[in-house]
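So the protein sequences, as listed, match chains A and B.
Those letters in the first sequence? Residues 20 to 350, per my numbering, in order.
Those letters in the second sequence? Residues 964 to 1227, per my numbering, in order.
Calculated lysine-lysine pairs in the DSSO-like style (CA-CA distance at most 30 Å, straight line):
1) B:K1223 to A:K304
2) A:K286 to B:K1214
3) A:K286 to B:K1200
4) A:K344 to A:K286
5) A:K243 to B:K1214
6) B:K1198 to A:K163
7) B:K1050 to A:K163
8) A:K314 to B:K1223
Just so you know, these hints were derived from the structure itself, not from any lab.
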Amino acid sequence: MACKILTLVEHESGAIRDTTFELLGLAHRLAGEAGWSASDIKALAIGQDLAGPASSVAARGAAEVICAEGEAVRDYTCDGHARVLESVIGAESPEIVLIGHTPNGWDCAPVVAAGLGVPIATECSNVAFENGRPLFTRKAFNGKFIQVVDLGDARPKVATVQRGASPAFGGGTPGTVRVVPAGVAAGELRAAFAGVKKGETGAVDLTQASVIVSGGRGVGAAEKFGVVRELAAALGGQIGASRPVTDMGWLPHEHQVGSSGVTVNPKLYIACGISGAIQHIVGMKGSGYIVAINKDPDAPIFGVADVGVVGDLFEIVPALTRAVKEAKGQT
Amino acid sequence: MNALVLIKQVPNTDSPFRINSAGTWVEEGNLTYGLNDYDRYALEELLRLKDAGTITELVALTVGPERASSALRTCLATGADRAVHIKDDALAAADPLSVARAIVAAVKDGGFSLILAGLQADDDNYMQIGPFVARLLGRPCATAVMRLELRDGATVRVERELENNRLQIVDLRLPAVITVQTGINEPRYASLKGIMAAKKKEIRTLTLSDLKLDAGAIAAASARFRTVRLAPPPKAKGAEILSGPADQVAKELVRRIREKTGVI
Ligand SMILES: Cc1cc2nc3c(=O)[nH]c(=O)nc-3n(C[C@H](O)[C@H](O)[C@H](O)COP(=O)(O)OP(=O)(O)OC[C@H]3O[C@@H](n4cnc5c(N)ncnc54)[C@H](O)[C@@H]3O)c2cc1C
Ligand SMILES: Nc1ncnc2c1ncn2[C@@H]1O[C@H](COP(=O)(O)O)[C@@H](O)[C@H]1O
Chain A
20 MACKILTLVE HESGAIRDTT FELLGLAHRL AGEAGWSASD IKALAIGQDL AGPASSVAAR
80 GAAEVICAEG EAVRDYTCDG HARVLESVIG AESPEIVLIG HTPNGWDCAP VVAAGLGVPI
140 ATECSNVAFE NGRPLFTRKA FNGKFIQVVD LGDARPKVAT VQRGASPAFG GGTPGTVRVV
200 PAGVAAGELR AAFAGVKKGE TGAVDLTQAS VIVSGGRGVG AAEKFGVVRE LAAALGGQIG
260 ASRPVTDMGW LPHEHQVGSS GVTVNPKLYI ACGISGAIQH IVGMKGSGYI VAINKDPDAP
320 IFGVADVGVV GDLFEIVPAL TRAVKEAKGQ T
Chain B
964 MNALVLIKQV PNTDSPFRIN SAGTWVEEGN LTYGLNDYDR YALEELLRLK DAGTITELVA
1024 LTVGPERASS ALRTCLATGA DRAVHIKDDA LAAADPLSVA RAIVAAVKDG GFSLILAGLQ
1084 ADDDNYMQIG PFVARLLGRP CATAVMRLEL RDGATVRVER ELENNRLQIV DLRLPAVITV
1144 QTGINEPRYA SLKGIMAAKK KEIRTLTLSD LKLDAGAIAA ASARFRTVRL APPPKAKGAE
1204 ILSGPADQVA KELVRRIREK TGVI
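Kindly produce the complete structure, drawing on both the sequences and the hints.
Written out as structure tokens, the structure reads:
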């Protein structure tokens, strides 16, 4: 048995995540570019009792879904998943392996690559053939630049792919499902799953806010947050933050907006001194109207904002607070 | 028990970044450097275990050019006991797997029960070195850890950060490799006393021949990880930028916010 592209199915207790279908969308485009057939695309699901969810993957772009099942891999552990991936990749010898750049994907994918002795391109925003070679586009320097990587003659070429990098696969002939034993015994694993829990929460619930004024590292210090606070108060809104702000303890964790914090969708989101890293943007891009204030004209936040001001937040934000109060007749 | 922290010296994020003439990385000349932010958190986590008496010896290791020794000095000044600097011209353009192999060659017999690294380096953002080292040493690994607790001499319980403010709890059998997410703790700064004491601590330098590694093999592996180009990100359509005096811009913002959102 062999295939050209193997994608990893991302699921949580059987619920398939969108990433899975996006990877299949990407796989089909790559197969088209390389002149491979749709029957060369397979997906691997690891877990227990997967037949049901696997059939929905087979219906949406995988010629075959291999379900590697076993009690020892019912819940995700890096050790368990990596062992299964390594053995299935060994058996299928794909040219390209695509894994979602999710907390579980980025956890096990490099372990698998090292086990196979091949390099890996992580957090790719795109994979595409150029002059007959697959090139992997990813961010470097926290998004200041994109880096395009050629993995040479590595076989397979392994990549983790950002969410949203590709549209989901649109249709096609349904594939088949094959259940195989995971081949991993709990006793040989050096990692044991012990549960999933909610992170810290507090009195503030940003998910319900209709106005959020957020401050980032650009605010500079906990005691300088006053300007952000005053604007939020003038607008009757809540205070949000980027990760460094909560990491450094300027604000409690519950204020953190982004992939590892909360996802918000207020009518108005004002980002002050926030560069606009992808992990922040995924948490606020659904906001109705986005205002960005940043002194760097190249800050990626301006790419998602509706309106922006390039300048010092310590000038712009107080001026905006005054203008809001004036407009509300509070001065 | 003994512990190792893997560290990298990276350009400070507010450095003036310019793409080099080959278009493959940044111009190094005009950058200033410091210890990778994630690694400060990794170091702090181990210093706490050392303060508690759980860790006897704490070693910091880096693979990097001459300038990287100052990042090791920072670790020594903050409380690491000794340092290892793998330094060889043949590693200057090495791929991440070769960097991991060099680390493994240096530490494989070191008896480290815990190896900590950062979740990612702030320059390349690869998120690879920790898991690579784990696999090459045949040890379990967990990434993006926000809490770490030694249970007994044999296991460590970690909480891995997931999305949407959730955490996965995993027990790893020691020896293990863990990568640390920012915010796990509050890193300390070196004291004056620490800086003085660091001057007497050892930084051991190792070359490829000390590690019995072959420059040819590294060049071959690095050909499988070639940066074709580094470029500014594509410009998104993006925001309309308002300019002018602050008060005027503020009035214009209020007008738009009122019109588009009705919240004022
Ligand atoms: C797995 C993972 C999960 C993550 N989860 C999250 C998350 O949930 N939420 C999140 O936010 N981040 C998250 N991050 C971190 C993210 O990658 C970025 O590091 C972070 O969002 C950067 O925050 P920032 O924009 O405040 O800081 P920086 O990127 O340092 O940007 C500061 C900005 O302030 C501007 N500035 C400075 N001074 C001024 C001034 N006086 N006036 C105006 N502008 C000024 C600068 O031009 C710069 O653009 C995560 C990272 C990882 C790896
Ligand atoms: N050259 C290096 N020497 C030692 N440790 C490194 C090196 N590069 C990366 N690391 C470690 O691996 C982590 C992740 O780096 P990266 O895989 O490059 O994103 C860093 O935070 C360091 O802890």
